[in-house]
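Taking the hints into account, I'd like the entire structure generated from these sequences.
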Amino acid sequence: MKIIGLIIVVVTGALLIYAAADFPAWSDPASPASTYLSPHFIEKTMEETSVPNIVTAVLADYRGFDTMFETTVIFSAGVVCFFLLRISRREEEEPETRYYRHVLTGVTIQLKEGYKIPPSDDFERIDAAWTPPDLIIKTGCRILIPFVQLFALYVIAHGHHSPGGGFQGGVILGASIILLAISHDLRTAVRRMSEKLMAILCAVGVFIYAGTGALCLLLKLNFLDYSALAEVLHVDPITARSHGILIVEIGVGIAVMATMIWIYNNVSSAGRYRQGL
Amino acid sequence: MNEQYPALLVVVPLLSALVVSIAGWVNKRLCFPVAVAALGMAAWSAVGLLLRVLDEGVIVYKLGGWSPPMGIAYYIDYLNGLVLPVVSIVALLNLIANKKGIEQQFPDKIGPFYTLYLLMVTGLLGIVVTGDAFNLYVLLEIAALTGYGLLAMGEERAPLATLNYLYMGTIGACFYLLGVGYLYIVTGSLNMVDIARLLPPLYQSNTVLAAFIICMVGVWLKMAFFPLHAWLPNAYTYANSAASSLIAPLVTKVMVYVMIRLMLTIFTTEFVFTTLALSDAVVWLAVIAIVMGAVLALAERNLKKMLTYIVVAEVGYMVGGAWLGNRDGMTGAILHIVNDALMTLCVFMVVGNIVYKVKGYAFEDLKGLFRKMPFTMGALVVGAMSIIGVPPTCGFFSKWYLIVGAISSGHYCFMAALIFSSLVSVVLFFRVFEICFYEPFSNHHGHDNHPGGMDEAPVSMVVPLLVVAVILILVGLYTGDIVNHVIQFAIPEAMV
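First to last, the protein sequences are chains B and G.
Here the first sequence is numbered in this note's numbering, starting from 1 and rising by one per residue.
Here the second sequence is numbered in this note's numbering, starting from 1 and rising by one per residue.
In case anyone wonders, no lab produced these hints; they're calculated from the structure.
Computed from a predicted structure; not experimentally measured.
Positions of the beta carbon are idealized from the N, C-alpha and C atoms, including for glycine.
FRET-style restraints, in silico, Cβ to Cβ:
1. B:Ser88 / G:Thr275: 52 to 60 Å
2. G:Ala494 / B:Lys196: 53 to 61 Å
3. B:Phe23 / G:Arg431: 51 to 59 Å
4. G:Arg431 / B:Ile87: 39 to 47 Å
5. G:Ile407 / B:Ser88: 53 to 61 Å
Given below as C-alpha cells:
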C-alpha cells in the first residue's frame, strides 16, 4: 500500500512540475494574470467604488459574492461543530457531586446530590477538573483583553483604507474571548458570552451580509449591487459602494468572532461546556 | 421579480438557513415551515428559469452589477437550466418526507439539522448555476462541509466513515482549485466563458493539459468514480436516512454536471476530444467502474449498502457516456443526471421509510414487508424497474441513448458493461423482492405467527415517495420532449 501511495505522489508531483514548465516567468509584468484584469482594478477601483484599498474592493465588492459564501463557510463550520459535538442537556448526566467556590475567599465546597446552596452571588459553580487560575496570568490577560478588542475594532473599521477587514478583525475579537476562557475558565467566558448569544450572533453576522445583498435586490438592482443603497443612505452611488463594503465587513466581523468562540467552546470541552482542556 | 430568479434561487435558501438557525434557539416549530417555504421558493425559481431559458435562450445575471470578467456572473443555459429544477425538487420532496424521521432522531438539534440541510442545498444550487470557476469552488466547499456534518450524524461507524470521506473530498476539492489556479495563471480570468474564449491558442500548453487533468481527477474523486470510490459506500450507508437520501441522489450527480460543464464550456469539445487522446482510456475506466459497482453490489447482504454500490456503477454510466465523444452518449449522460437523481432518491427514500418502521435495512429485516408496507414497496418496485431499465420508467431511455452512443462510437465493451450491469440489477432487486414477499419464520417459542397487518410509514413519508415514483414514470414518458427541447441545445453544435 505504501509503495502505491509513493507512486501516486511521484506521478502527481511530476505532473505538477511538468505543468510548471509553461508558467510565465516569476513576477513577469507581462504575464496574463498581471495584464488581463489587474490594470482595470488598479486604475478604476477608486473611481468606481471610492475605496482606496484595492484588495478590499475586489474582495468585498467586485467579488463580494464569493466573500459572502466564504463567511457562510465559516458559519457552516460553527454549526457543524455544534451539531456533531454538543451533548444535549437531556443526554447529559448531572454529576452526583457538584463543586462551588466562594468568590471572595476562594474556599471550595463540595455538594452531594440533593443538596442546594442558598442563591447568592457569593458562590460560583466550578467543574471537577477546575484548577485555580494563576494570578499573574489572570491579571495580565485582564489588562490585555480590552486592548486586543480595541485593536480588533480598528482592524474591522479600517479595512477600507489599510490592510484588515472583517475576517481578521473578527478573529482578533474572538481570540480575546478565547483568551479569557484560557486564562480564567470556560464557565467565566460562557457567562460573559452565552452559548445562545454566540449561536444567534453567528447567524446574524452572515445575515447582515446576505441581507444587505437582498436589500439591494429589493431596491430594484442586482443582488449585492451596493449602489442601490444610495437611496437609503442619501449619498451618491459610488460612495454608497464604499459604505456597503463597511456594512458587510461589520457583518463578517460579527460572524467570524461568534463562530471562533462557538467552535472553541464546543471543541475544547468536547461539547459538554465543562472545563476539560 | 422574474429577472431576479437567478439570485433568489440561491439567496432564499441561504437567508432561510440563517433564519432557521436562529429559530432553532427561539421556537423549534418554526424551523420546518421556513425550510419548506424556502425550498419551495427555490424550486419555483428553478422552474421559472428553465421556462425562461426555453423562451429566450441563455440568461446572464451579473452579481453586484459588475460585468463578467471583473465580477461574478451566473449563466443559465439549457444544461444547468435542466439540472436546477431537479436539484431543488429532489431536496424539497426529501425534506418533506423526512420531517418525522428528523424529529425522531434529533429532537434537540432540529435547528442545526435544517440549517445544514438548507446550506447544503444552497451549495449544490450555487455550483450548478454559477458561471465563474472560482465561485464554483466556494460553493463546493459549502456543499462539502455541510455534507460531512450531515453524514457524520448516524450510526456508530458514521463519524469514521465520514472522516474518510472528508480526507478524500478535501483532496478532490483542492485538486479542482489547483486546476482553476493553473487556468488563472495562463489566462488571467476566472469566468468560464471568458476562459473558454482565451484558451484556444494555449491548447498545446503543458499548463492547460495539467489543469484539465487535475480538475478532472478532483471532480472524479468527489463523484466517487472507480477506483476513487472507496469513501462512498460506508459514508452513505451509516449516515442518518434524511442526509443519505439528500446526498446520495444529488452530490454525485452535481459533480457529474461539473465534469460535463468543464468538458463542454471551459475546455470545449475540441480540446477534450480532438487535442487530447484520453477518451478511450476514460471509457475503459467507466467500463471497469460499472462492472465493479455491479459485482460489489452483488456481494452485499444489506439493502442500503447495496444501493450505494449501485450509485458507484451509475457514476460509471454517466462518465462513460460523456466521454464517448458523440452526441448520443452526451445526451444519455445528461439525461441520466436527471433520471439517476430521481431514481436514487426513490430507492433511498424507501430505505428511509423502512428504517423509520423496522429500524434496520439488512436483508433479514426486510421479511414480510410487502404485506406490511405495500405503498413503500410499490415505490421500490418502480425505482428498481427504473434502475434496471424497464420501459416506460425513465431509466430505460437514458440507458438507450448510452447504448446507441456506445455502438456509434464503436465502444462495444461499454455497451456490454451496461447490459451486464442491467442484468445484475435484475438479480439484485428480485432477490430483495423475494425476501420481502415471505413472512418471517415463526418465532422461537413455537407460537403461531400471525402474519401482521399493514404497518405503513406515516402519510407524510409515503405521499412524497409516491410522488417521486410517479415522476419517474412521467419523466420516462416525456423523455422525447426533454431531449428535443432541452438537452439537444445543451450540447454544442460541434459535437456530432
